[in-house]
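Engineer: Read off the chains here:
Number of protein chains: 2
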Amino acid sequence: MQQYFVNGKAENPVTITDKDTVKHMFNVMRLTEGDEVILVFEDGIKRLARVLDPAQKSLEILEKLDENTELPVDVTIAAGFPKGDKLDFLAQKATELGASHIWAFPADWSVVKWDLKKLGKKTDKLAKIIRGAAEQSKRNVIPELKLFEQKAAFLKELVSFDQIFIAYEESAKAGENTVLARRLAEINPGEKLLFIFGPEGGISPEEAAAFEQAGGMKVGLGPRIMRAETAPLYALASVSYALELNAAKGTS
Amino acid sequence: MQQYFVNGKAENPVTITDKDTVKHMFNVMRLTEGDEVILVFEDGIKRLARVLDPAQKSLEILEKLDENTELPVDVTIAAGFPKGDKLDFLAQKATELGASHIWAFPADWSVVKWDLKKLGKKTDKLAKIIRGAAEQSKRNVIPELKLFEQKAAFLKELVSFDQIFIAYEESAKAGENTVLARRLAEINPGEKLLFIFGPEGGISPEEAAAFEQAGGMKVGLGPRIMRAETAPLYALASVSYALELNAAKGTS
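Protein chains in written order, with this note's numbering: chain X, 101 to 352; chain S, 101 to 352.
None of these hints come from the bench; they were simulated from the model. Not one of these hints is a red herring.
It does not matter which identical chain is meant; a pair holds if it fits inside one copy or across any two.
Heads up, simulated SDA-like pairs for lysine to any residue below, C-alpha to C-alpha not over 25 angstroms straight-line: (1) LYS123 - GLN102; (2) LYS251 - ALA314; (3) LYS273 - VAL211; (4) LYS349 - ILE287; (5) LYS186 - GLU249; (6) LYS292 - LEU255; (7) LYS246 - GLU312; (8) LYS213 - LEU255.
Produce the entire structure from the sequences given, and follow the hints as far as they go.
Structural biologist: Encoded structure:
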């Protein structure tokens with residue numbers, strides 16, 4: 101069933117005001133009176149709803165649904181600004197794979213330089229991609245998007261995480277292959293995890309030192325060299341596999 | 101260091117004849133006498149080599165390198181033909197993530213219909229993408245590419261696998277979350293694994309039954325609904341995490 105995010109608190113009946121959502125509901129999907137959809141307000145609870153009046157864009161809430169597709173931990177992906185539209189791709193896929201926060205920052209080896217105007221445009225485009233991907237993948241929340249203009253502002257955020265993993269290519273090359281699995285085995289539900297990735301050129305040694313200073317651990321993500329936009333997908337799939345599949349295996 | 105695949109058996113000295121490789125070596129990278137690269141012949145062994153004569157496209161092999169980036173198991177990704185250029189994307193990412201074979205077949209719910217001419221063009225394009233991705237990600241082998249014209253030919257191949265996993269969306273929706281992890285915990289090095297994915301619409305119930313008949317197990321890949329081109333990346337990352345990272349954690 102089609103799912104839509106609705107801004108604000110749950111109300112019944114509800115009138116849809118977001119233009120893109122109205123367009124998708126009534127022009128693309130051509131919903132009519134009695135059609136059912138799932139609405140997710142900002143409380144992250146899925147609710148079954150039925151169209152009351154397509155002209156008024158109004159729906160009646162029928163019941164709460166007990167369906168949660170969120171990872172048991174809060175995962176932030178932070179990527180050095182990559183070239184081209186790779187961040188679009190990364191935002192879509194990271195949303196499908198369960199990230200709670202999708203961040204990007206100007207890394208030492210980022211080739212692109214994005215000023216405030218460019219960052220504003222990027223933010224608008226990425227927000228739409230993330231919202232659409234969150235609806236399609238049946239998420240309970242829309243991942244938070246944050247593009248940092250200055251790296252210093254990103255660095256200030258590091259204190260708020262329980263675990264910081266630095267995807268450092270040199271660690272992978274040196275054969276590091278135990279830190280991530282060891283840490284994930286000890287993680288508690290609800291913990292805040294941050295994975296930091298470089299742009300195409302990787303994380304600079306100075307950045308790696310700064311992230312370590314803030315409590316980060318360098319981790320290898322297997323022996324193959326992944327592109328900047330692929331490594332975050334590996335990390336998210338690993339978190340899901342470790343905490344949603346492998347953990348379930350032991351208890352059922 | 102730049103890595104190139106070279107057709108045929110290892111010889112010393114070696115003359116590069118593949119046009120794309122010649123172009124990349126001597127026009128793009130502008131290699132000159134004495135420059136070093138890594139060459140990988142069809143035996144999958146990496147060898148350090150030094151340019152002897154750029155005009156002759158000749159290189160001298162210096163030594164074998166003890167570097168293996170292949171997964172400990174042989175993983176085949178088989179996808180129902182997806183729309184547009186999603187197979188390009190999938191081929192590139194599956195190569196980075198360690199797949200040994202990248203297959204696609206006309207699934208019941210594939211929207212696209214590819215005739216032999218189209219399949220020929222697709223094969224040429226995908227082969228280049230896969231080769232490039234294998235060089236960039238430092239693989240020891242170039243994944244095999246196979247596009248099946250008929251589903252029947254694909255079905256005949258199923259007998260050759262040790263484990264067949266069916267990424268069936270209905271299983272994920274029903275909360276199936278233990279089969280993959282249980283199986284991966286019992287896997288032996290060198291086993292042949294097949295993961296089957298549907299196109300955008302998913303695997304049809306008839307296909308799921310045929311794959312089960314051939315020994316396939318339906319598996320859920322976490323509670324979120326992934327796009328057709330994203331689910332294979334989750335599967336490959338899970339295999340790597342389970343067999344390369346989580347397994348290493350216990351033994352070191």
